[in-house]
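Construct the entire structure; sequences and hints are all you get.
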Amino acid sequence: MTAIAFWPGETQVLIGLAATLAASCLVMGAATVRAVRRGANLTEVARLVPDLARLLMRLSTDRTIPVRVRGRIFIAIAYNVQPINLIPDFVPIIGLADNVLVTLWAVRSTVRGVGHEAIGRHWTGTPAGLAMLLRFAGCNK
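Counting the sequence shown from 1 gives a position; the numbering used here is that position plus 1431.
If you're looking for bench data, these hints aren't it; they were derived computationally from the structure. Even for Gly, the Cβ is constructed at its ideal location relative to N, Cα and C. Hints are not guaranteed to be accurate.
Have a look at the derived ranges for each label pair, beta carbon to beta carbon [said to hold, decoys possible]: (1) Gly1546 to Ile1506: 11 to 21 Å; (2) Leu1473 to Gln1513: 28 to 38 Å; (3) Ile1525 to Val1464: 17 to 27 Å; (4) Pro1514 to Val1467: 19 to 29 Å; (5) Pro1481 to Arg1539: 14 to 24 Å.
See below:
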């Protein structure tokens, strides 16, 4: 009699990680091409992720931001660090899709919830990067 394994073998995990990495690269590549076609500078696109991480960190510690808005950042962090998600991370290609969607939800709703003034106050990147973030969040002036 063969026992049913609850955790996949090392090979399955490696295949899942490789497939997720490949899918992530394709999505990021497509987003980069789209942003460049819309007039964004490639350097600004590359700097957006670390600038966004700094922004979310600063917003999450700002006591003037409502708790419900800061809570969205904490929900995204907690969801991404827990080992069990809606779709397990070892599932090829779509395993990290729920993580990406939760993170995108948190970013968009946080940017929309705090307004232009708070985003501008905490943004450490370039004005072009800020404009790109506001376009992504649907907060164009």
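To see whether the hints hold, each was checked on the structure:
1. Taking 11 to 21 Å as the suggested C-beta distance range, the pair Gly1546 and Ile1506 conforms, at roughly 20 Å.
2. Checked against the given bound of 28 to 38 Å, the beta carbons of Leu1473 and Gln1513, roughly 34 Å apart, stay inside it.
3. Ile1525 and Val1464 have their C-beta atoms about 22 Å apart, which keeps the hinted 17 to 27 Å range intact.
4. At roughly 36 Å, the beta-carbon separation of Pro1514 and Val1467 lies outside the given 19 to 29 Å, and the hint is violated.
5. Here the CB-CB span from Pro1481 to Arg1539 is close to 19 Å, well matched to the stated 14 to 24 Å.
Checked against the numbered hints given earlier, this structure breaks only hint 4.
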